[in-house]
Amino acid sequence: MKAQYWISSLVVILIVFISLSSCKSGGGDKIKVGEFASLTGKEATFGTSAHEGTLLAIEQVNLSGGVLGKQLELLTEDDQTKAGEPANAVNKLISKDGVIAILGEVASSRSLEAAPICQQSQIPMISPASTNPTVTQEGNYIFRVCFNDDFQGGALANFASGTLKAKKVAILTDVKSDYSKGLAKSFKAKYSNNGGNIGTELDFNGGDKDFKGQLTAIKSDNPDAIFLPGYYNDVALICIQAKQLGMNIPIFGGDGWESESLLTIGKDAMEGHYFSTHCSIEQPTPEMTAFVAAYQKRFEGKTPDAMAVLGYDSAMVLVDAIKRAKTTESVALRDAIAATKNFAGASGNINLNADRDAVKALVFIQIKNEKFTYNTTVNP
Amino acid sequence: MDWFLQQAINGLGLGAIYALIALGYTMVYGVLRFINFAHSDVLMLGAFTALYVAPQIEKVAGAESPVGCVMVFVVAAAVCACIGMLIERLAYRPLRNRPKLAVLITAIGVSLLIEYTAQNEKVFGSAPQPFPKLLSDYEINLGNLVVSSNDILTVGVTIVLLVAMWWIVQKTRVGTAMRAVSYNQQAAALMGVPVDKIISFTFGLGSALAAIAGVLYAMKAPGIEPLMGVQPGLRAFVAAVLGGIGNLPGAVLGGFLLGLLETFAGGIPGLSNYRDAIAFGILILILLLKPAGLLGRSTIEKV
Amino acid sequence: MNFRGAKRWLLLGIALAILASYFSPQFNRYYLGVVIDVGIAIILATSLNLINGHTGQFSLGHAGFMAIGGYFSAWISLSVGESIQAFWYFPLSLCAGGVLAAAVGWLVGVPSLRLRGDYLAIVTLGFGEIIRVIAQNTEAVGAASGLKGIPKLTTLGWAFGFAVITVYAIATLVNSTYGRAFIAVHDDEIAAASHGVNTTRTKVVAFVTGAFFAGIAGGLYAHHKQFLSPTGFDWVKSIDIVVMVILGGMGRTGGVIAAAILLTLMPEFLREFSEYRMIIYSLLIILLMLLRPEGLFSFKTQRRSKS
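In order, the protein sequence lines correspond to chains Y, E and B. Position 186, counted from 1, in the first sequence is what this note's numbering calls 186; the numbers after and before it change by one each time, with no gaps. All you need for this note's numbering is the position in the second sequence, starting with 1, plus 1000. All you need for this note's numbering is the position in the third sequence, starting with 1, plus 2000.
These are calculated hints, taken from the structure and not from any lab test. Where a beta carbon is used, it is the ideal one built from N, C-alpha and C, also for glycine. Hints are not guaranteed to be accurate.
[What the hints assert, rightly or not] If you anchor each label on the Cβ, the simulated ranges turn out as follows:
1) B:Val2236 to E:Met1001: 51 to 57 Å
2) Y:Ala189 to E:Lys1290: 45 to 51 Å
3) Y:Gly98 to B:Met2266: 19 to 25 Å
4) E:Asn1097 to B:Pro2091: 42 to 48 Å
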């Protein structure tokens, strides 16, 4: 074996890449907007929904003549729901394609991976639905068009002690998900503060299909309700198995529940359960009605979910900021996004606060007759 | 006590599925000495086949009828048996006399190919799809205990299939040939055993088992998606090794044991978050004490 | 092997890495990021190659050792504050991560290397998963939310410097008198034992060395991505590394490096195909394996025919 072989090949590759890396793409006559989303992998439905909303927004803007006299070009990268991928995707969008802003992601853990890159490159990033409070703490270029989990957790805790009048709540969290863990933490703090009693606390692994072990333990503890911050695919199965075990207490959770799949899979097992979310597509605002109609026309009758609405809003907030800034230069654009006030989004009025979080109302939805029905609104 | 019994019932229901999947792993391993990574994806394909044929069969046999249900199982098993044989023919057979690890990587490639193709919007898409009710299920209450009819069905099917597989391997001509191929491929070929056909048959059988497990799994958790096989596949793989890979009763024992362990761990606060690790922890302990698995016989290396 | 020749190449490689590092601020961030990924992949693949390829012990838990090194060195970086600016800090913290990974590798290796083949594979896979689950439940390293805000210390120079050192160290080890034992164990364990090779110790040494370098790769990865989440270190990641080793031809250092480069770059080149990207990727793996089952880069110069 010749040691020279491999070391020389290493060096050759190195040189090739150094020469490669000197090319840089210039600007065109289009405004390039980058998006990264989980289009394949475990959480692909969220990514796909948000992507469809974003795509619809960009298409609508282009049809109406674009912004600043230019058309928008949406460049989408799939991160495969995999840690490590968002960094490459966002680096590629910023450094190779030269996008002016980044839209994404739904999941907080992947937004957290991309945020430092956007911050260091001074490219504004707008997350449609990452609710973990730490996401926008990454820096002043990171925004979101949704509320954060501190607010959501508090609202859920008040809901449990107020509307449900629950004295003891069991908590079942997804150990793999920062979203689930973070929401549970904010909930627990507020709920204990309200004088509530935390019952059994158990975990499951997102993607598991059998939850009877956890549910049996919860059942024997006799709580008044179960708090289940998780994603819809697990939630539906958990509710089915809770029903099989003869548990009739209300189960409630956060915005991860919202998806048509919750109803089509959970069916009658979902009856009477509650969740909080960003908006209801039944909201009678003209923006929402117009969005739902346009979405159904574009995507063959598919009913949009909250992720699609927020994906749409994230793009619209960006477009609005470009119009106000009258430029796509990063500092001016950042300032314009930060100054977003009373923007009439499909999900509701969007006001960005000093922490770059949207101050928005939260909606409670109850499942009745296998339909999402509007329950109450909680204002910030 | 109620709590304990209820958990035991839950655990058996889960374990039966693991056992069934593990049975498929072990069948293929027994003959070919290689881990078929695509097994868990064949399981997913079985569930999707059932999803698509169930409405058609319902028209003929009526909704939620036992006859229709059996037909769905048979169709899913047959389709997956064909898929399994096709995979073997195209991806594994060309590498028959090559290093085992080359086949392993091809298997991983096949597994990724099926997963990513299935996730494409034009194929199944990545969103979970509701799985129809094949058989009306109900809960049987025994005092404070609840037993689901689905779980009884799963346990029953697993035991019946274990016996059937054991019978095929031990008592039939094909089974004798399978064992011959397992002992020594070259020698078997020289004795007139059609090695290719036997291996193809084993793959078909293993894939049919995966399909049945897939349909049962979908009945238990009626939201199916292209990655549904990954998690149970890994657990079943652990179960197969736990029981002594290549050993049929071992696979079933391993499956039940793992199902019970996971269920009990899931119900204990402070332990439920380590559920994934516990299965592996126990596995490691057992392997360190019995290096060939619970029922496996350690082979003496020939010099 | 001409020892002096190898040393010359080592020095040249390091010099080039330092040179590249000097110019790297001018490079496009994306390419730079990908090239650093390549460097890390080379370390991972080469170190696993020592265990899987040279010594023939099938390990599926490499991502676990990577996680240990990554989390530990990142945790140090987040705790020490000011002094991370010092030049000597980074290699030291990487080595600390590597040493911890090696220590765990020893703990794992001593009992489990008695097992063989698939049993060893599943046990190492299990250890990898256990490490991930522990990271997932440890608040000190961010638990499920992951560890964020890790300083960006990995540069092209460090990544390739360590890649060159890893390749050199492992090649030198394997080619030394002592290292011949690895290959003896790989080729025939019983024959090796009867010639006086302490097979268990040889295997453990290979395992611990591999774990050490995986830990270093993990540290580089942590300070490159600046964010660690436990799900990034699951068994799928280990499988990725195994694919590199096998595609590269098990024990052929040059091939394994080439495979590491190829498999890291391929998904990037395939970005053009968006939703078909991973389908093409998996098809290519199958085809490569069918067409070149002995490894992609198996040249006739190799000595071993037995697998």
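Now for the hints, and whether the structure bears them out:
no.	hint	verdict
1	B:Val2236 to E:Met1001: 51 to 57 Å	violated, 41 Å
2	Y:Ala189 to E:Lys1290: 45 to 51 Å	holds, 48 Å
3	Y:Gly98 to B:Met2266: 19 to 25 Å	holds, 24 Å
4	E:Asn1097 to B:Pro2091: 42 to 48 Å	holds, 46 Å
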